[in-house]
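K.L.:
Under this note's numbering, the first residue of the sequence shown carries the number 1, and numbering increases by one thereafter.
Hints in this document: simulated from the structure, not taken from any laboratory.
Don't take each hint at face value.
[Stated by the list, open to error] Below 20 angstroms or equal to it, Euclidean Cα-Cα: the simulated EDC-like pairs (lysine to aspartate or glutamate) are:
| no. | residue 1 | residue 2 |
| --- | --- | --- |
| 1 | Lys17 | Glu109 |
| 2 | Lys17 | Asp27 |
| 3 | Lys17 | Glu83 |
| 4 | Lys17 | Glu28 |
| 5 | Lys17 | Glu6 |
[What the hints assert, rightly or not] Taking CB as the label site, the calculated pair distances span:
| no. | residue 1 | residue 2 | range |
| --- | --- | --- | --- |
| 6 | Gly117 | Glu6 | 16 to 26 angstroms |
| 7 | Met1 | Pro112 | 32 to 42 angstroms |
| 8 | Arg70 | Gly117 | 27 to 37 angstroms |
| 9 | Asn141 | Glu6 | 29 to 39 angstroms |
| 10 | Asn78 | Met1 | 23 to 33 angstroms |
| 11 | Glu6 | Arg77 | 17 to 27 angstroms |
| 12 | Val34 | Pro80 | 11 to 21 angstroms |
| 13 | Phe74 | Pro26 | 18 to 28 angstroms |
| 14 | Arg77 | Ser100 | 28 to 38 angstroms |
| 15 | Asp16 | Pro112 | 22 to 32 angstroms |
In this text, a Cβ means the ideal position worked out from N, Cα and C, and glycines have one as well.
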Amino acid sequence: MNRTSEFQTFFLRDLDKFIAEINAFPDEESLWQVRGQIANCAGTLGLHIAGNLQHFIGAILGASGYIRQRDLEFSARNVPRAEILAQLGMARQVVERVFSNMPDERLDEPFPDTHFGAGRSVAGGLLHLLAHLNYHLGQLNYLRRCMA
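Kindly generate the complete structure, drawing on both the sequences and the hints.
P.N.:
Structure representation (structure tokens):
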């Protein structure tokens, strides 16, 4: 297995877990509930991860043309579960397409955006994005268990 395929495997695995967590919430209303001092509800996390991956992997690395509306990821409310899942599904398709077409040599090139720091490699940017996905996956799992 090459390095790009390994990235693809981990991103797809964790996106599938994220999608399963969204599906496991008891109802649509619970996707938009917050607990205590937790600022981001499950619906927000779903929209944010979908936008984040479609932007950085799709638009930046894959030239997909996706235009991110980050503010809406955090301000939209009561978006139906089906729409959140559709956005996550599009992010999954983008991840699969971009990694399927990415040669290993590209991982050593500079990331074509300075968001992760100047001089960061594509591999370094992808590690950051994978850690970010898993950070929010953990939050999502915790929020879901709080609903029980």
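K.L.:
Look at each hint and say if it fits the structure.
P.N.:
Evaluation of the provided hints:
Taking the CA atoms of Lys17 and Glu109, the gap is near 29 angstroms; set against the 20 angstroms cutoff, the hint is violated. Taken as a hint, the Lys17 and Asp27 pair is honoured in the structure, with Cα atoms around 18 angstroms apart against an allowance of 20 angstroms. The hinted pair formed by Lys17 and Glu83 meets the criterion: a straight-line CA distance of about 17 angstroms does not exceed 20 angstroms. Taking the CA atoms of Lys17 and Glu28, the gap is about 18 angstroms. The hint holds against a cut of 20 angstroms.
A hinted pair counts as satisfied when its Cα atoms are at most 20 angstroms apart, and Lys17 with Glu6 qualifies at roughly 17 angstroms. For Gly117 paired with Glu6, a C-beta distance near 23 angstroms keeps the hint of 16 to 26 angstroms intact. The hinted window of 32 to 42 angstroms between Met1 and Pro112 is violated, with their beta carbons roughly 25 angstroms apart. Under the hint 27 to 37 angstroms, the C-beta atoms of Arg70 and Gly117, about 19 angstroms apart, miss the expected range.
For Asn141 and Glu6, the hinted distance range of 29 to 39 angstroms is not satisfied, since their beta carbons lie about 23 angstroms from each other. Between Asn78 and Met1 the Cβ separation comes to about 42 angstroms, which falls outside the hinted range of 23 to 33 angstroms. For the pair Glu6 and Arg77, the beta carbons lie near 37 angstroms from each other, so the given range of 17 to 27 angstroms is not met. Checked against the hint of 11 to 21 angstroms, the C-beta distance between Val34 and Pro80 comes to roughly 18 angstroms, which is consistent with it.
Checked against the hint of 18 to 28 angstroms, the pair Phe74 and Pro26 passes, with Cβ atoms roughly 23 angstroms apart. Take Arg77 and Ser100: their Cβ atoms lie about 35 angstroms apart, and the range 28 to 38 angstroms holds. Restraint check, Asp16 to Pro112: a C-beta distance of roughly 27 angstroms satisfies the suggested window 22 to 32 angstroms.
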